[in-house]
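First to last, the protein sequences are chains A and B.
Using our numbering, the first residue of the first sequence is number 1, and each one after it goes up by one.
Using our numbering, the first residue of the second sequence is number 115, and each one after it goes up by one.
You may find that some hints are simply not true.
Below, a list of computed lysine-lysine pairs in the DSSO-like style, where the Cα atoms sit at most 27 Å apart [claimed, not checked]:
#, chain 1, residue 1, chain 2, residue 2
1, A, K109, A, K22
2, B, K171, A, K57
3, B, K171, A, K37
4, A, K22, A, K71
5, A, K68, A, K37
6, B, K125, B, K184
7, A, K57, A, K42
8, B, K125, A, K37
9, B, K184, B, K167
10, B, K184, A, K57
11, B, K125, B, K171
12, A, K57, A, K68
13, A, K71, A, K109
14, A, K71, B, K184
15, A, K37, A, K109
To spell it out: a stretch of chain A is covered by chain B in this simulated footprint if at least three of its residues, at any positions, have a beta carbon under 8 Å from a beta carbon of chain B; those stretches are [unchecked claim]:
#, region
16, 16–29
17, 46–57
18, 61–67
Since the hints were made in silico from the structure, they are not lab data.
Where a beta carbon is used, it is the ideal one built from N, C-alpha and C, also for glycine.
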Amino acid sequence: GENVEQHPSTLSVQEGDSAVIKCTYSDSASNYFPWYKQELGKRPQLIIDIRSNVGEKKDQRIAVTLNKTAKHFSLHITETQPEDSAVYFCAASVGSGGYQKVTFGIGTKLQVIP
Amino acid sequence: DAGITQSPRHKVTETGTPVTLRCHQTENHRYMYWYRQDPGHGLRLIHYSYGVKDTDKGEVSDGYSVSRSKTEDFLLTLESATSSQTSVYFCAITGHENTEAFFGQGTRLTVV
Chain A
1 GENVEQHPST LSVQEGDSAV IKCTYSDSAS NYFPWYKQEL GKRPQLIIDI
51 RSNVGEKKDQ RIAVTLNKTA KHFSLHITET QPEDSAVYFC AASVGSGGYQ
101 KVTFGIGTKL QVIP
Chain B
115 DAGITQSPRH KVTETGTPVT LRCHQTENHR YMYWYRQDPG HGLRLIHYSY
165 GVKDTDKGEV SDGYSVSRSK TEDFLLTLES ATSSQTSVYF CAITGHENTE
215 AFFGQGTRLT VV
């Protein structure tokens with residue numbers, strides 16, 4: 001089955017600096033890569049996603065890159081703010097035959113220091 | 115927020131007792147999932163459903179069963195709860211393959 005590795009597990013940055021979280025996956029059939037943000041005590045929510053036919057996607061201060069050959073994808077947050085502090089999960093998804101199997105990374109706890 | 119609710123939100127139960135968690139959606143989405151979240155493990159898939167009465171196992175299905183008798187409800191049952199099943203359980207729904215998953219608020223289950 002799919003295996004998703006996520007690094008680092010914790011990350012502290014100064015407000016205004018950039019943060020980068022990296023993930024690798026094992027199943028070359030994975031074709032959808034969402035990122036979720038989970039604030040303390042709340043549910044995970046999608047912040048950005050990318051499909052396998054795209055190399056990069058950006059939404060304001062957040063960007064995701066995908067390297068299919070190397071089977072890795074990364075989340076980039078620029079100009080970090082205290083409200084970016086949360087746990088971030090990457091995921092790899094295989095959608096076929098009427099179902100979607102999503103495998104998550106273990107999460108990265110991001111702390112933005114004011 | 116998508117119309118997805120879990121009940122109960124918190125539960126403490128004793129080892130060996132049966133427990134059922136409920137996930138209810140108002141989005142008419144086809145796919146429903148149960149995950150458990152534990153420190154150092156992220157979100158791990160327990161079971162999922164791709165239609166009424168259509169379910170399959172995830173990576174950590176031992177000790178759990180599910181049922182989906184109608185589109186809007188997906189039940190997770192722990193037949194005989196163990197301390198290793200203490201966790202936060204999340205239900206999720208998706209409308210189509212490879213689209214955003216919407217999560218419920220989570221259920222914190224403690225088995226003593």
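Each hint, compared with the structure:
no.	hint	verdict
1	A/K109 <-> A/K22	holds, 13 Å
2	B/K171 <-> A/K57	violated, 33 Å
3	B/K171 <-> A/K37	holds, 26 Å
4	A/K22 <-> A/K71	holds, 11 Å
5	A/K68 <-> A/K37	holds, 23 Å
6	B/K125 <-> B/K184	holds, 24 Å
7	A/K57 <-> A/K42	holds, 26 Å
8	B/K125 <-> A/K37	holds, 25 Å
9	B/K184 <-> B/K167	holds, 8 Å
10	B/K184 <-> A/K57	violated, 37 Å
11	B/K125 <-> B/K171	holds, 24 Å
12	A/K57 <-> A/K68	holds, 14 Å
13	A/K71 <-> A/K109	holds, 23 Å
14	A/K71 <-> B/K184	violated, 38 Å
15	A/K37 <-> A/K109	holds, 10 Å
16	16–29	violated (count 0)
17	46–57	holds (count 3)
18	61–67	violated (count 0)
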